[in-house]
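Novice: Chain by chain, the residues:
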Amino acid sequence: MTLRRAVFITGIIVLSVWTLLPIYLIALGAVGGRTVVNSWPKPFLPPADLSFATMREFLDIAGVWTSALYSVEAAVLCMAFSILLGVPAGYALARFVFAGATAYRLVVLLTRAFPVAILALPLTVGFIRLGLYDTPLGVSLMHTALALPFAVLVSASLFQAIPKELEEAAWVFGCSPVRAFLRVALPLALPGIAATAIFAFVISWNEVFAASVLTVRHKTLTAYLLSVLSESPLHVQFAGGFVLIIPSVLFIFLVRKRLFSMWGIANR
Amino acid sequence: MNARVIPYLLIAPSLAFLAILFFVPLVQTIALAFQADGIWSTENFTRMTGDLNFTDAVVNTFELVIIVVPLQLLLALAMAMMLQHLRGGRDIVLWIWSIPLGISDLAAGLVWLAILTDKGYLNTILVRLGVLSGPQSWLSYETPATLLAAIVVAELWRATAIVLVIVVAGVQLIPKEYGEAADVFGATPWQRFTRVTLPLLKPSIQTALILRTVLALEMFAIVLSIGGRNFPVLVSEAFNWQYTQQNFGVAAAYAVIVMGVSLAATLIYLWALRTPAAQR
Amino acid sequence: MAAIIIDNVAKSFGSFVALERVDLHVADAEFVALLGPSGCGKTTLLRIIAGLETQSSGRVQIGGRDVSALAPRKRGLAMVFQNYAVFPHMTVRQNVGFGLRMAGAEPARIERQVARAAALLHIEPNLDRYPAQLSGGQRQRVAVARALAIEPSVLLMDEPLSNLDALLRLEMRAELKSVLREAGTTTIYVTHDQTEAMGLADRIAVLHAGRIQQIGPPTEVYALPATTFVGGFVGSPPMNFLTLPVTNRQVQLGALSLASPAGSTGRIVLGVRPEDLQPTAAAEGFPFVVRVAEPLGSHIMLTGESAGQRVRVIVPPEHPVRPGVTMHLRPRLDRVVWMDPASGAAVSRGEGRKLGTEAAGD
Numbered sequence: 001m002t003l004r005r006a007v008f009i010t011g012i013i014v015l016s017v018w019t020l021l022p023i024y025l026i027a028l029g030a031v032g033g034r035t036v037v038n039s040w041p042k043p044f045l046p047p048a049d050l051s052f053a054t055m056r057e058f059l060d061i062a063g064v065w066t067s068a069l070y071s072v073e074a075a076v077l078c079m080a081f082s083i084l085l086g087v088p089a090g091y092a093l094a095r096f097v098f099a100g101a102t103a104y105r106l107v108v109l110l111t112r113a114f115p116v117a118i119l120a121l122p123l124t125v126g127f128i129r130l131g132l133y134d135t136p137l138g139v140s141l142m143h144t145a146l147a148l149p150f151a152v153l154v155s156a157s158l159f160q161a162i163p164k165e166l167e168e169a170a171w172v173f174g175c176s177p178v179r180a181f182l183r184v185a186l187p188l189a190l191p192g193i194a195a196t197a198i199f200a201f202v203i204s205w206n207e208v209f210a211a212s213v214l215t216v217r218h219k220t221l222t223a224y225l226l227s228v229l230s231e232s233p234l235h236v237q238f239a240g241g242f243v244l245i246i247p248s249v250l251f252i253f254l255v256r257k258r259l260f261s262m263w264g265i266a267n268r
Numbered sequence: 001m002n003a004r005v006i007p008y009l010l011i012a013p014s015l016a017f018l019a020i021l022f023f024v025p026l027v028q029t030i031a032l033a034f035q036a037d038g039i040w041s042t043e044n045f046t047r048m049t050g051d052l053n054f055t056d057a058v059v060n061t062f063e064l065v066i067i068v069v070p071l072q073l074l075l076a077l078a079m080a081m082m083l084q085h086l087r088g089g090r091d092i093v094l095w096i097w098s099i100p101l102g103i104s105d106l107a108a109g110l111v112w113l114a115i116l117t118d119k120g121y122l123n124t125i126l127v128r129l130g131v132l133s134g135p136q137s138w139l140s141y142e143t144p145a146t147l148l149a150a151i152v153v154a155e156l157w158r159a160t161a162i163v164l165v166i167v168v169a170g171v172q173l174i175p176k177e178y179g180e181a182a183d184v185f186g187a188t189p190w191q192r193f194t195r196v197t198l199p200l201l202k203p204s205i206q207t208a209l210i211l212r213t214v215l216a217l218e219m220f221a222i223v224l225s226i227g228g229r230n231f232p233v234l235v236s237e238a239f240n241w242q243y244t245q246q247n248f249g250v251a252a253a254y255a256v257i258v259m260g261v262s263l264a265a266t267l268i269y270l271w272a273l274r275t276p277a278a279q280r
Numbered sequence: 001m002a003a004i005i006i007d008n009v010a011k012s013f014g015s016f017v018a019l020e021r022v023d024l025h026v027a028d029a030e031f032v033a034l035l036g037p038s039g040c041g042k043t044t045l046l047r048i049i050a051g052l053e054t055q056s057s058g059r060v061q062i063g064g065r066d067v068s069a070l071a072p073r074k075r076g077l078a079m080v081f082q083n084y085a086v087f088p089h090m091t092v093r094q095n096v097g098f099g100l101r102m103a104g105a106e107p108a109r110i111e112r113q114v115a116r117a118a119a120l121l122h123i124e125p126n127l128d129r130y131p132a133q134l135s136g137g138q139r140q141r142v143a144v145a146r147a148l149a150i151e152p153s154v155l156l157m158d159e160p161l162s163n164l165d166a167l168l169r170l171e172m173r174a175e176l177k178s179v180l181r182e183a184g185t186t187t188i189y190v191t192h193d194q195t196e197a198m199g200l201a202d203r204i205a206v207l208h209a210g211r212i213q214q215i216g217p218p219t220e221v222y223a224l225p226a227t228t229f230v231g232g233f234v235g236s237p238p239m240n241f242l243t244l245p246v247t248n249r250q251v252q253l254g255a256l257s258l259a260s261p262a263g264s265t266g267r268i269v270l271g272v273r274p275e276d277l278q279p280t281a282a283a284e285g286f287p288f289v290v291r292v293a294e295p296l297g298s299h300i301m302l303t304g305e306s307a308g309q310r311v312r313v314i315v316p317p318e319h320p321v322r323p324g325v326t327m328h329l330r331p332r333l334d335r336v337v338w339m340d341p342a343s344g345a346a347v348s349r350g351e352g353r354k355l356g357t358e359a360a361g362d
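Protein chains in written order, with our numbering: chain A, 1 to 268; chain B, 1 to 280; chain C, 1 to 362.
Worth flagging that the hints you see were computed from the coordinates, not collected in a lab. Careful, some of the hints might be misleading.
As the list claims (entries may be wrong) - The calculated EDC-like cross-link candidates involving lysine to aspartate or glutamate, where the alpha carbons are at most 20 Å apart (straight line), are:
| # | chain 1 | residue 1 | chain 2 | residue 2 |
| --- | --- | --- | --- | --- |
| 1 | B | K176 | C | E275 |
| 2 | C | K177 | C | E30 |
| 3 | C | K177 | C | E151 |
| 4 | B | K119 | B | D91 |
| 5 | C | K177 | C | D165 |
| 6 | C | K177 | C | E159 |
| 7 | B | K202 | B | E177 |
| 8 | A | K257 | B | D91 |
| 9 | B | K176 | B | D56 |
| 10 | C | K74 | C | E53 |
| 11 | B | K176 | C | E53 |
| 12 | C | K177 | C | D202 |
| 13 | C | K74 | B | E177 |
| 14 | B | K119 | A | E231 |
| 15 | C | K74 | C | E151 |
| 16 | C | K74 | B | E180 |
| 17 | C | K177 | C | D28 |
| 18 | C | K177 | C | D193 |
Said to hold, decoys possible - Selected chain C positions facing chain B (Cβ under 7 Å, derived; list incomplete):
| # | residue |
| --- | --- |
| 19 | L52 |
| 20 | S56 |
| 21 | P72 |
| 22 | R73 |
| 23 | M79 |
| 24 | H89 |
| 25 | F98 |
| 26 | G99 |
| 27 | Y130 |
Just so it is clear, the structure is predicted and the values come from calculations on it, not from any experiment. Virtual Cβ for every residue (Gly too), placed ideally from N, Cα, C.
Generate the whole structure from the sequences, applying the supplied hints.
Specialist: Below you can see the structure in the form of structure tokens.
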């Protein structure tokens, strides 16, 4: 092995460890409990009396479970809305040539250039009037605005990658356009759409600002954690961070293969 | 049904949604910012600029953006090139390096808080190694430089993956023959990178920079968790004015500033990194 | 200008063997075509010569130098890629001058060489335009100009004409031939199109499943194929192969008795090209049942059966013919080849004297 190669491999290892170590450490903090968190110097290995007592204690805190459930609710709704609104639009962009297509694409792209979460500020007033304030539904609507451009653009390129001839063949053999879509295009695009849905879920699950602005008593997990940031003991915060991380990391693992094509596509 | 109507029907719901949840609030924000007690005025802006934290917030935000964005771009480019040269295990490394994609900025802040806090892991290592005699405070009000560095490192850790994924996707789109042609015609690896790969990556770099800059201007939870009230940024101030002080007007004023800078940055990137029509 | 020696080169990708011990000597200024179907290993071999792939074993020598371990940029080569690989972000001028710039040549020299190459390939008007503004054929010329501008000792071409439409391909072929002949560069040209190989090369190397089955001048590869594969791949329509029984060193084909090559027993394969079969009287040839007649303008191609096997024959356009009719054919005996039925390899070229219609033994 040449020196160049050794340096190269070292670099890769260092970067990988740098990525993974902090996660390990917060897991340690979450699981180790008050003792680990307040101990000094900090241990790098799990304590012999490894207990999930802290985790249980953390989960027992009234706020956490309920807020986690609100997060799930908002994320699922966001997922559903993004797909329901985004996939047809993506199909239109891919299959049809129509006046305004470029303009539409531009508009969708434009939303990326804006700090969308900030728009939660004026929405507060509107939401209060509509009764959407302080509800997971309201939060999910804001999150959908975040995830929708992504869903539209990715769906568009998914459908573009499916040759139109496949649907045309279905028409020739007796299918109506809707049936051809459902039986030919959709199944082929489904894996990509599923990945997009999962990504929308993660976006919603992780979002902090809008969730914090738009909720008071029915906070999502991120909003809850933010609100108790300065008051709660450190080990609770760590446990909270840990719970926040796990689902997202899991989901990213599920869609990892599609991730790069999706991001590359959505950002062209 | 008239076939020509179909595409418009398909995009209508999403368009309506964006109109309601994006454009309307956008206009509302501007309106809110420039109104006070129902009349047009710049009172909100005056109050904003007169506030104690305003200058700090502006300076901090710009410092963060100017440091973080270029660093992440360089790091992501280096990582992408390393991946190109990796043969076995490339998938695993790529997955490890993109794990932070799924991590919320709040969680990232908490993670690095654990490391950098007074009784945290960094101090543990430094004391064990004998570099320090006792725990050193990195995140306090008296150490603004290290506070900034801490936030930079945390954000670097979390969000480089975003740029990495865009760059990797862009690199994969470059047909490998271009690199091979460069090889055959005498380019050293560095020359190949600077003369062929980088120029062809321009669209991806443009996208990554736009996305990253806008997100950096929005930095919020990571700053709050690591720095608390010691490190005001534009968005955290907006949040405070809205939520704690219930002053929607000043909050909107902050929002307008963030939006304005984002727009300006986007336009600059679009112009500076454009691909001339002749080359498309 | 340099000779190339490929010495015992083999290449495997995991368990897949792409090249099985290939030996090839290319003389200085020679034009050799690597011809074969997809997956035969021709592109792999070219890329190994270029240094874009590393061989699993064996050596590559260029101009007497062992370049086996050298990076592509150190081998003194130029290459034209199938998809041209003309840099989209550089003008034509910058593209053509790329190799020279990388080598650190003086600006004056670069200008001269670029102008020369551009004139050779007739792309002077496009020098300051971008590839995106050019047609496929023009981009292809830029790729060739870029290769010629550095006056390489060896030129490698990977199916450069395959992405052009048929007419353009024909024109470019002729241009390429004259330009390369003038330059006198040693060239290795990969293609799956046998007419291209026939038209351009000094020698053709026919590859199949990772092995070179035959190397020789086009006329030799055409008339004296070394295997049934070569006979079937080179020439369109392909050579006919009839598997026939051998009795007493003779092969009976209709009314013809042909002497089979020495040492053949059991069965033998007779190879004859469609244009070497002539219509004749029943007593002078063998029966052929016409199934399909395709009038192709300059000739009619008939597909049918003889001795229970498929045979194709070419007749002049005015020849009266109908499907279902049985006609009689006779081969040009000096153009017949014999193959071993088991290995497909050519057996010594038999003379195939016609012994007349009398039963043998009289």
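Novice: Compare the distance between the alpha carbons of B:K176 and B:D56 with 20 Å, and conclude whether the hinted pair is satisfied.
Specialist: With Cα atoms ~48 Å apart, B:K176 and B:D56 exceed 20 Å; violated.
Novice: CA of C:K177 to CA of C:D202, is that 20 Å or under?
Specialist: Holds: C:K177 and C:D202 sit about 11 Å apart, inside 20 Å.
Novice: Decide if the proposed pair is consistent with the structure: C:K74 and C:E151, CA atoms, cutoff 20 Å inclusive.
Specialist: holds (15 Å)
Novice: Please work out if C:K177 and C:D165 have their alpha carbons no farther apart than 20 Å.
Specialist: Roughly 18 Å between the alpha carbons, so the hint for C:K177 and C:D165 holds.
Novice: Does C:K177 pair with C:D28 here, judged by a C-alpha cut-off of 20 Å?
Specialist: holds (16 Å)
Novice: B:K176 and C:E53: Cα distance at most 20 Å?
Specialist: Measuring from Cα to Cα gives roughly 13 Å; hence the hint holds.
Novice: Holds or violated: C:K74 with B:E177, Cα cutoff 20 Å?
Specialist: Holds. C:K74 to B:E177 sits at ~18 Å (cutoff 20 Å).
Novice: Does the closest beta carbon of chain B sit nearer than 7 Å to the beta carbon of C:F98?
Specialist: holds (5 Å)
Novice: Can C:Y130 be said to touch chain B, with a Cβ gap under 7 Å?
Specialist: With a closest approach of 4 Å, the C:Y130 hint holds.
Novice: Is the straight-line distance between the alpha-carbon of B:K202 and that of B:E177 20 Å or less?
Specialist: Answer holds: B:K202 to B:E177 is near 18 Å, not above 20 Å.
Novice: For the pair supplied as a hint, A:K257 and B:D91, confirm whether the alpha-carbon distance does not exceed 20 Å.
Specialist: holds (9 Å)
Novice: For the pair supplied as a hint, B:K176 and C:E275, is the alpha-carbon distance within the 20 Å limit?
Specialist: Between B:K176 and C:E275 the Cα gap is close to 44 Å, so the pair fails against 20 Å, i.e. violated.
The structure does not agree with the numbered hints 1, 4, 9, 20 stated previously, though it agrees with the rest.
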